[in-house]
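Colleague: So the chains spell out like this:
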Amino acid sequence: MSCCAPGTEGALELDGAARALPSREELMLSARDLGEGRRQTDLSVPGVHCGACITAIEGALRGVEGVEKARVNLSTKRVSIVWRAEGTGEAADPVRFAEAIQRATGYDSHLFGEDLEASDRLRADLIRGVAVTGFAAANIMLLSVSVWSGADASTRDLFHWISAMIAAPALVYGGRFFYRSAWSVLKHGRTNMDVPIALAITLSYAVSLWETLHHGEHAWFDATASLLFFLLIGRTLDHIMRDRARSAITGLARLAPRGALVVQPDGSRDYRPVSEVVPGDRIAIAAGDRVPVDGIVLSGESDLDVSIATGESVPVAVRPGVAVQAGTVSLTGSLIVTATATARQSFLAEIIALMEAAEGGRAQYRRIADRAASIYAPAVHLLAILTFLGWGILGGDWKQALLIAIAVLIITCPCALGLAVPVVQVVAAGRLFQHGIMVRDGSAMERLAEIDTVIFDKTGTLTLGRPRLIEARGKPSSRAMAAAIAAHSRHPLSRALHAAHAGPVPLIETVRELPGQGLLAETPEGTYRLGSRAFACPETVAQADSGASEVVLSLNGDELARFLLEDTPRPGAEEAVAALRAEGLATLMLSGDRRTTVAAMAEHLDLDGWKAELSPQGKVEACNDLAAAGHRALMVGDGINDAPALSAAHVSMAPATAADIGRQAADIVFLHDGLDAVPTALAISRRAGRLIRENFGLAIGYNMIAVPFAMAGYATPLLASVAMSTSSLIVIVNALRLNRFRRPVATSGRAGQAPAGPVTREAKLA
Amino acid sequence: MNMLIYLIPVALLLGGLGLGAFLWSLRNGQYEDLDGAAWRVLDDDETPRA
Numbered sequence: 001m002s003c004c005a006p007g008t009e010g011a012l013e014l015d016g017a018a019r020a021l022p023s024r025e026e027l028m029l030s031a032r033d034l035g036e037g038r039r040q041t042d043l044s045v046p047g048v049h050c051g052a053c054i055t056a057i058e059g060a061l062r063g064v065e066g067v068e069k070a071r072v073n074l075s076t077k078r079v080s081i082v083w084r085a086e087g088t089g090e091a092a093d094p095v096r097f098a099e100a101i102q103r104a105t106g107y108d109s110h111l112f113g114e115d116l117e118a119s120d121r122l123r124a125d126l127i128r129g130v131a132v133t134g135f136a137a138a139n140i141m142l143l144s145v146s147v148w149s150g151a152d153a154s155t156r157d158l159f160h161w162i163s164a165m166i167a168a169p170a171l172v173y174g175g176r177f178f179y180r181s182a183w184s185v186l187k188h189g190r191t192n193m194d195v196p197i198a199l200a201i202t203l204s205y206a207v208s209l210w211e212t213l214h215h216g217e218h219a220w221f222d223a224t225a226s227l228l229f230f231l232l233i234g235r236t237l238d239h240i241m242r243d244r245a246r247s248a249i250t251g252l253a254r255l256a257p258r259g260a261l262v263v264q265p266d267g268s269r270d271y272r273p274v275s276e277v278v279p280g281d282r283i284a285i286a287a288g289d290r291v292p293v294d295g296i297v298l299s300g301e302s303d304l305d306v307s308i309a310t311g312e313s314v315p316v317a318v319r320p321g322v323a324v325q326a327g328t329v330s331l332t333g334s335l336i337v338t339a340t341a342t343a344r345q346s347f348l349a350e351i352i353a354l355m356e357a358a359e360g361g362r363a364q365y366r367r368i369a370d371r372a373a374s375i376y377a378p379a380v381h382l383l384a385i386l387t388f389l390g391w392g393i394l395g396g397d398w399k400q401a402l403l404i405a406i407a408v409l410i411i412t413c414p415c416a417l418g419l420a421v422p423v424v425q426v427v428a429a430g431r432l433f434q435h436g437i438m439v440r441d442g443s444a445m446e447r448l449a450e451i452d453t454v455i456f457d458k459t460g461t462l463t464l465g466r467p468r469l470i471e472a473r474g475k476p477s478s479r480a481m482a483a484a485i486a487a488h489s490r491h492p493l494s495r496a497l498h499a500a501h502a503g504p505v506p507l508i509e510t511v512r513e514l515p516g517q518g519l520l521a522e523t524p525e526g527t528y529r530l531g532s533r534a535f536a537c538p539e540t541v542a543q544a545d546s547g548a549s550e551v552v553l554s555l556n557g558d559e560l561a562r563f564l565l566e567d568t569p570r571p572g573a574e575e576a577v578a579a580l581r582a583e584g585l586a587t588l589m590l591s592g593d594r595r596t597t598v599a600a601m602a603e604h605l606d607l608d609g610w611k612a613e614l615s616p617q618g619k620v621e622a623c624n625d626l627a628a629a630g631h632r633a634l635m636v637g638d639g640i641n642d643a644p645a646l647s648a649a650h651v652s653m654a655p656a657t658a659a660d661i662g663r664q665a666a667d668i669v670f671l672h673d674g675l676d677a678v679p680t681a682l683a684i685s686r687r688a689g690r691l692i693r694e695n696f697g698l699a700i701g702y703n704m705i706a707v708p709f710a711m712a713g714y715a716t717p718l719l720a721s722v723a724m725s726t727s728s729l730i731v732i733v734n735a736l737r738l739n740r741f742r743r744p745v746a747t748s749g750r751a752g753q754a755p756a757g758p759v760t761r762e763a764k765l766a
Numbered sequence: 001m002n003m004l005i006y007l008i009p010v011a012l013l014l015g016g017l018g019l020g021a022f023l024w025s026l027r028n029g030q031y032e033d034l035d036g037a038a039w040r041v042l043d044d045d046e047t048p049r050a
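Chains as they are written, first to last, in full-length UniProt numbering: chain W, 1 to 766; chain C, 1 to 50.
Quick caveat, the hints were computed from the structure, so don't treat them as lab data.
Treat each hint with caution, since some may be false.
Claimed, not checked - Chain C is nowhere near these chain W residues, computed Cβ spacing over 12 Å in every case:
1) Q102
2) D238
3) R272
4) R319
5) Q325
6) G503
7) P569
8) E694
To be verified - Simulated restraints on C-beta separations:
9) C:M3 / W:P169: 23 to 31 Å
10) C:E32 / W:S477: 27 to 35 Å
11) W:E694 / C:G20: 36 to 44 Å
12) C:R27 / W:P169: 55 to 63 Å
13) W:L736 / C:M3: 40 to 48 Å
14) W:D152 / C:L14: 20 to 28 Å
15) C:A21 / W:G35: 30 to 38 Å
Claimed, not checked - Taking beta-carbon pairs under 8 Å as the criterion, some of the chain C residues facing chain W (in silico):
16) L19
17) F22
18) D35
19) R40
Here the structure is a predicted model, which is why all the values come from computation and not from measurement.
Note that beta-carbon positions come from the ideal geometry of N, C-alpha and C, so glycine has one too.
Using the sequences and the accompanying hints, generate a full structural model.
Modeller: And the structure:
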């Protein structure tokens, strides 16, 4: 099935039912019209990772009827397909694209949102800015070196004029990013690092032009251009880092369905965008589909996987009259649901409202660079004014005083300070990326370095949300029979039971599934029942609830075999919790699951505290209580019900398998199955925090030496260039030391053993 | 010193050519898929790409 990576097949089969391919209607809704009956569809295929994948996918797609062009982008892991929708003979069916990719390589494809394109445009703008300012800086420096080497009189004036003409467009083209940012904060009466930058480049250009007009000796055009060049590099790196993390996050499977199959009064079925569904509509939901909006079951029976909505690990049986929540998955049967809310009022929307309310605390967090700027910028401007007044009053020459004051501003322009934070964070994000951890932005890393408490969700975070067999009692023949019956169901417990059985199983054909109860098989020996104790042998008494799920096989009501299943713990959970405790952090668990299950898990992992049966609101309150007590908490969670708490906590992490909304709320997303991502991310963030402080020390130290020179009136453009470049280089070299940092505990081996899905490999290769 | 009248425009022109080439390649999508390009060069498929 897979093109060249062993190990993916198992993961795909496991998820095959839960992750359906995009439907025809969804694909038609998202296709871009190119005119002349041609359409373009962009699909995200997170699994592609090598040349063989490219050949296989492009070859398979070109084989599909009606496809004109197919091209794989390996860096962004997307496929763009141009196809004929109607007209000239053969028309393509978009569903066949996803099928062709699936058949050729075994990889899933997903649709993705359009907002990525705006980010791509900004990145291209920044790169063009770097190119233009780089060109300007190189040429001006060439001319400046001639001036420093002794060109004088009219030659020097000529060189200054040429420099001025090269620098002007570069200043406008490359400087607009800083001007825009500086203006937007100044409007709100605040200040950031871009304010002194914008001021320094403008003033240095203005004073140089003035000097040139008056045949002066010192022009600072080289400083203006190289400053812009260095700072734009930092800005571009910062953007690319965030972009990469974001496109990888949004490239994964989406949760929110785009459309719903609405049943018309005349019985026909019509696929509509989910935003057009109104209360009262009847919606058909097949086994394996997600419920698009809140509603009440009209007909049909099924088991719903609600783990992503409430954290409950055991599926819930639904029958006509029962309310269902948007986001849950129907596992075993088809349902007709009457919508009771529009998409905007559904459960998911309530969660979004809760998240917005919870985000207040985090919005108040100020980046370390901004905090530094709020002290640095006024200090620098005060120094420049003092220099101006000092030289003016004492020396009497106000023109010279102005020139020296501007020299102070140029020397103190936070070149090194502007690079101090982004370079470290880009290097740190690269290190984290190697470990399969993606950071949304630099502020997340800063906040992560400050935490003193770690809060875990249970289902899907400390566990994988996949049941596994922990105890089986009964004769081998009975166990084989149970596995054979279980093979007929998609219920997670059945699948775990079937997967755990090795060896031959009897062939059974007539198996009926009774949603919410279990499986029924009529054979010549009698009626086999597989399911809960109450279903399989109603006469016996249920045993004490131990936190595990019990499945019983019976023949005509007599118990034959008994199985206990438990949610699979996430690999590395115990080690991760131990490592965090060793770092002196408190570990807590907040879960929406049943009390007994949570208590067993907390005891097993030796956590400091736990709370069970919490609502999403309850989780937010628990986070707020911790914050009120002065703690800074990291929330690790994955479900829809965790999303508000992920927003409320000081900083948050989610696994890549999390619900879409949880992933969007989290600051950090980890791709590997192993939970050791948490201590790894913490260690690297703390190390990065230390390096940032060192860099600030270096940059301020440089200023302490250079500023007195400038204030005394000894600063020349040559001195400024040398000082600025050296301090920037020192800061960059110091940041690169992070690459030599090794974690004391070796974790990569364990992460490698985790079941490798397409997502896991993506991180290793990217 | 009269040489400068030729040399400076020549220097700027050459630099400008480099800048222009870079901007062209950026617009033309040469940097869209660096990882993919590394693999495609090994692809010995004879049929021309659509």
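Colleague: Find the nearest Cβ of chain C to the Cβ of W:E694 and say whether that gap is larger than 12 Å.
Modeller: holds, 32 Å
Colleague: Over 12 Å from every CB of chain C: does W:R272 meet that, or does the non-interface label fail?
Modeller: holds, 35 Å
Colleague: Is the gap between the beta carbons of C:E32 and W:S477 within 27 to 35 Å?
Modeller: Check failed, 60 Å falls outside 27 to 35 Å.
Colleague: Is it correct that the beta-carbon of W:Q102 has no partner in chain C closer than or equal to 12 Å?
Modeller: holds, 20 Å
Colleague: Hint validation: C:D35 versus chain W, beta carbon distance must be below 8 Å. Holds or violated?
Modeller: holds, 4 Å
Colleague: Can you verify the interface hint for C:F22: is its Cβ closer than 8 Å to any Cβ in chain W?
Modeller: holds, 5 Å
Colleague: Given a hint of 36 to 44 Å, does the C-beta separation of W:E694 and C:G20 actually sit inside it?
Modeller: holds, 41 Å
Colleague: Evaluate the given range 20 to 28 Å for the C-beta pair formed by W:D152 and C:L14.
Modeller: holds, 26 Å
Colleague: Are C:M3 and W:P169 spaced within 23 to 31 Å by their CB atoms?
Modeller: At 26 Å between Cβs, range holds.
Colleague: Taking the CB of W:L736 and the CB of C:M3, does the distance hold inside 40 to 48 Å?
Modeller: holds, 42 Å
Colleague: Would you assess whether W:Q325, listed as outside the interface, keeps its beta-carbon beyond 12 Å of every beta-carbon in chain C?
Modeller: Given a closest Cβ separation of 41 Å, the condition holds.
Colleague: Minimum C-beta separation from W:P569 to chain C exceeding 12 Å: can you confirm that?
Modeller: About 35 Å separates W:P569 from the closest Cβ of chain C, which puts it past 12 Å; holds.
Hints 10 and 12, counting from the list given before, are not met by this structure.
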